[in-house]
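Trainee: With the hints as your guide, set chain B onto chain A.
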Amino acid sequence: MDKLMAQFIEEGRDLVGSAAQGLLKLEKAPTDPELLDGLFRDVHTLKGSAGVLELNPMVSMVHVGEELLQRAKEGEGTLDAEAIDVLLDCMDLLNVWLDALEGSGQLPPQAATDGDQLAGRLQAVLTREFKVEAAPDTSAAEAGGEGVSWGLFDDAPPADHSNAMAAPVWVAELPENERRELWLSAARADNEPPLWCLEFRPEADCFFRGDDPLFMVRQTPGLSSLAIDLHAVDEDPAAQDVFQCRLWFGLLARQSAPVLDEHFQYEGQTVSRRPLLSEALVQPSGEPLGEPLDAAVLNDLHTFWAQGKTEALLSSLKVQQELLNPATREASLLRWMTDVVTWQPDDALVFDTLLQALQSPSEVLDEAGRIDWLSLAGARSESRENGSTEPTETVAPEPAAATPLPELSPDDPRLGSVLQDQVRLLKQCREPAIRVGAGRSVRTVLDHVARALAVSLPATLARTADADDLEQCLQTWLGQQATSPAAAPKPPVAAPPPAAAPVAALAESAPGLSDERADRGGRESQAPVIRAFKVDQEQVENLGDLVGELVVAKNALPFLAHRAEQVFGERQLGREIREQYNVINRITRALQDAMMEVQMLPVAHVFDRFPRLVRDLSRKLDKPIDLTIDGEDTEAEKHVIESLADPLVHLMRNAIDHGIESRAERQAAGKDEVGKISLQAWQDNEWVVIEVADDGAGIDPEKTRRKAYEKGLLDERRLHEMTEQEAIELIFMPGFSTLETASDLSGRGVGMDVVRTTIEKSGGRLDVDSRLGEGSRFRLWLPLSMSISQVMQIWIDGQRYGIPMDQVAETVRLPRKRLHQFKDRETVMLRDRVLPVSRAREQLGLEPLDDGGTVALLVVRYRGEPVALMVDDFSEGVEVILKPMEGALEQLGVYQGTALLGDGSVLLVLNLAVMLSSVKLEEEVNDHSGER
Amino acid sequence: MTIQVKGKLLKLVDSCPVEEAETLYEKLLDKPDVKLDLSGCQHMHSAVLQALLMQPREIKRPPTDAFLKQMVLPRLEIAWRDAQSDHG
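Those sequence lines, one after another, are chains A and B. Per this note's numbering, the first sequence starts with residue -12, numbered consecutively. Per this note's numbering, the second sequence starts with residue 47, numbered consecutively.
Only chain A is shown next, with the shape it has when bound in the complex:
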């Protein structure tokens, strides 16, 4: 977990615990300035830290709580039991969130909703308790603790910000139809995002910074209504500077708070946000009629409403509306009443208020003709809370202190084992550092239990948070012996009563915390952090195999998609399978990469043996040799390193045996007596390159040519046509050995041809470069990883074969007549190049294909040269795990290996090097015999 987050969780728990404790004390002494100060500090710190970690739901909820505490701290009101209830609920929710953060590193998905709901309840408390105090538009800034800054316009507030919690005046001034739309959307659906009221006052010089506040406003997510105002406008129009921003925006947006905060995150304090009760939208507009409505009509409305005669009420309202001028305030009130009856028929407060406004406007409406919902909102929010089913609210509010509560009995069945668990917790937490927290936690649990069960705690369990006292009191009270550690009961089988749910959550969180801390405390001083560990090679290989199988299994999805489309005609399903495939594909790729990294080894594993080998051989042959090794830390996959070992030993032996001359020869050639061999490794893209170079005699092309001719490996014509490089490469021919007497070292059994074939089998290649008298250089190219290969699928005689993708240059389809017979060779002209054509069917000993029309040619690279391989058809590329041929099949050199395809069939992967080399050789032999 992120270090910062871990720290926050730890700190957060302490803060929440301390705040919860403070709140409980506050209940006894509601005006204690020290308590309030401490509480405010806790909550403020919590908000700050949560803000750093961008835990927006937490910030928005805590912000409201902070504001509440700030008001209380400044003596603007007192927090009653109910207010403390809500605050404690906040602490519970914060604990749940902290647990979630510890578990998953994230807030629970419903955090924003839960947070907004509690924020709403806190807001209701604010509205109710602190309504009299005016707070000129500084609430947001002040509550943030950063001081007040409204930018440059402190002199001229454009709109009334009389109370942070009251709906601003401009909301009431919005067009009635806009307000109505918003109200209706809230009334119709419960799951609408909350409605927020934002005020945005861009800074005066914002235009110079390239800002366009109107554009910002326009893009506001969930923007539902907009008020625009100008401020600080000069008297003289000609003196105006149009590039000084004097705009002010009031926005109503229906959107979750974090989304809004993110949208305005760069606007800083020029934006303030507060929740808006939907009632605030219910305001009459228009001029008063000037005379009271007919008393009989009002009476009817009253009666119908009281008796729940909705239809009669609605029709009466309709008739009255038709009678009145729609521009009057009365008509507006009637329209609102219709809406309330239609959409919120159980909202008595709103309807009664509207009716009263119709009846005796002066009692309800202020001078501007608006309803003061503020004074009514307190009652309103109460009624809403009681009707809610939110679980934390089922904790009954503590009844007034006047009625004494029954005392809690230790064998109250509702308790379950909550109390025993507390004792157990206290026993577990012996370390002083965590004991304090445990004490607080138990204190909180006890108080919650008391509140949840509506009982009072016995005097023995006085309101102390001291762990020792608590433990003793609890044990005595529960009739346990303080000295019997085994007395801790097993966790209960029965679930605790539902009302105790938050309590249980709290109790569970505490032991987890203590364990973690105890662990850390114990370990820190002793063991260092383990940074690497040894795993059995087999285990890693198993894991690698499983990854490989996953890749193959993944490859089954495109087949499935294809079947879904072609066989079952489900195009949409096929598309969705492909989308899923892409996701899995991405993950398996990452997995493969990670797996490969785990299996990477430095080539040093192979290189390390050579100093010894060179030393032994040089002594035996009496050839002083200086070996230099470079790049031994180059890494490659374990299998690659393993496949590297044998060819490399052979190359090294060759260099010492055949490359480096004898002492006498070197002296005669004027060379240093000490021969030099260099062994180097480096990485080149997806390849590991190993180079073995000597400063020996080099390969004599004349000699190889003659030798090959003498051995009947090539004919006279080829003998003269051959370039020097081709002549040098004759050493790779099977049955070729230039040295008259094979030494016991490099031996006769394994020639260079075997070295090349071995490397080619592993998907690599071997180059040689030699200068007579100066030395030879062999370069060995091997793929970094062998576990997964890309192969191209081709069809030959109804059978699917694979060809390693890195050897395929291109695929072409040509009319058959484009193939030319040149003597006994077939060729094709492709982009001004003549390529030899090889028929795959012939190579595999199959009947030639006779389909007239076109031919499918696969242009492959064979030892650097393009060759056109004629196949029946191409198919798509696929990732496979190439398994080498085993047992008797190993002798079939034409196959590089087999692979399992996604549809379960086996794919034979062709070894082009073997397949094409045999072709040429055969041709040449035919040629030869033909001429004789």
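Don't take each hint at face value.
[Said to hold, decoys possible] One side only, chain B facing chain A, incomplete, derived with CB under 8 Å:
#1 V51
#2 M90
#3 S92
#4 L95
#5 L119
[What the hints assert, rightly or not] If you anchor each label on the Cβ, the simulated ranges turn out as follows:
#6 B:L55 / A:N286: 51 to 59 Å
#7 A:L817 / B:E65: 58 to 66 Å
#8 B:S131 / A:T18: 46 to 54 Å
#9 A:E278 / B:L55: 43 to 51 Å
#10 A:S349 / B:S131: 55 to 63 Å
#11 A:W330 / B:L55: 25 to 33 Å
#12 B:L55 / A:A299: 47 to 55 Å
#13 A:E278 / B:S131: 23 to 31 Å
#14 A:K12 / B:D128: 21 to 29 Å
#15 A:L301 / B:E123: 26 to 34 Å
#16 B:L55 / A:Q206: 24 to 32 Å
#17 B:E123 / A:D339: 33 to 41 Å
#18 B:R127 / A:L301: 56 to 64 Å
Note that these hints are calculated values from the structure, not bench results. These numbers were taken from a predicted model, which means no experiment stands behind them. C-beta atoms are modelled at their ideal positions from N, C-alpha and C, and glycine is treated no differently.
Mentor: Below, chain B alone, put in the same frame as chain A:
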């Protein structure tokens, strides 16, 4: 130019950038009886909106852009009405 004057009609077209706010403001001061055609206006920079709010004029053709029409037009109309009643 996204601001065009045709007789007694001042027309805003496309997206009016900040640079044109000053031109617009001067034209508005110049011609107290000009009327506005916002039908071709897709967006106006805040500075342009500000100029229109400082020197409100009667809107002959309302904007067709949804945001301007729903959210901005009513405020421009109120500004124009207020200006009328101030003078009257």
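Trainee: Now tell me if each hint is right for this structure.
Mentor: How the hints compare with the structure:
{"no.": "1", "hint": "V51", "in the structure": "violated, 17 Å"}
{"no.": "2", "hint": "M90", "in the structure": "holds, 7 Å"}
{"no.": "3", "hint": "S92", "in the structure": "holds, 4 Å"}
{"no.": "4", "hint": "L95", "in the structure": "holds, 5 Å"}
{"no.": "5", "hint": "L119", "in the structure": "violated, 11 Å"}
{"no.": "6", "hint": "B:L55 / A:N286: 51 to 59 Å", "in the structure": "holds, 55 Å"}
{"no.": "7", "hint": "A:L817 / B:E65: 58 to 66 Å", "in the structure": "holds, 59 Å"}
{"no.": "8", "hint": "B:S131 / A:T18: 46 to 54 Å", "in the structure": "holds, 51 Å"}
{"no.": "9", "hint": "A:E278 / B:L55: 43 to 51 Å", "in the structure": "holds, 45 Å"}
{"no.": "10", "hint": "A:S349 / B:S131: 55 to 63 Å", "in the structure": "violated, 26 Å"}
{"no.": "11", "hint": "A:W330 / B:L55: 25 to 33 Å", "in the structure": "violated, 44 Å"}
{"no.": "12", "hint": "B:L55 / A:A299: 47 to 55 Å", "in the structure": "holds, 54 Å"}
{"no.": "13", "hint": "A:E278 / B:S131: 23 to 31 Å", "in the structure": "holds, 25 Å"}
{"no.": "14", "hint": "A:K12 / B:D128: 21 to 29 Å", "in the structure": "violated, 55 Å"}
{"no.": "15", "hint": "A:L301 / B:E123: 26 to 34 Å", "in the structure": "holds, 33 Å"}
{"no.": "16", "hint": "B:L55 / A:Q206: 24 to 32 Å", "in the structure": "holds, 30 Å"}
{"no.": "17", "hint": "B:E123 / A:D339: 33 to 41 Å", "in the structure": "holds, 35 Å"}
{"no.": "18", "hint": "B:R127 / A:L301: 56 to 64 Å", "in the structure": "violated, 34 Å"}
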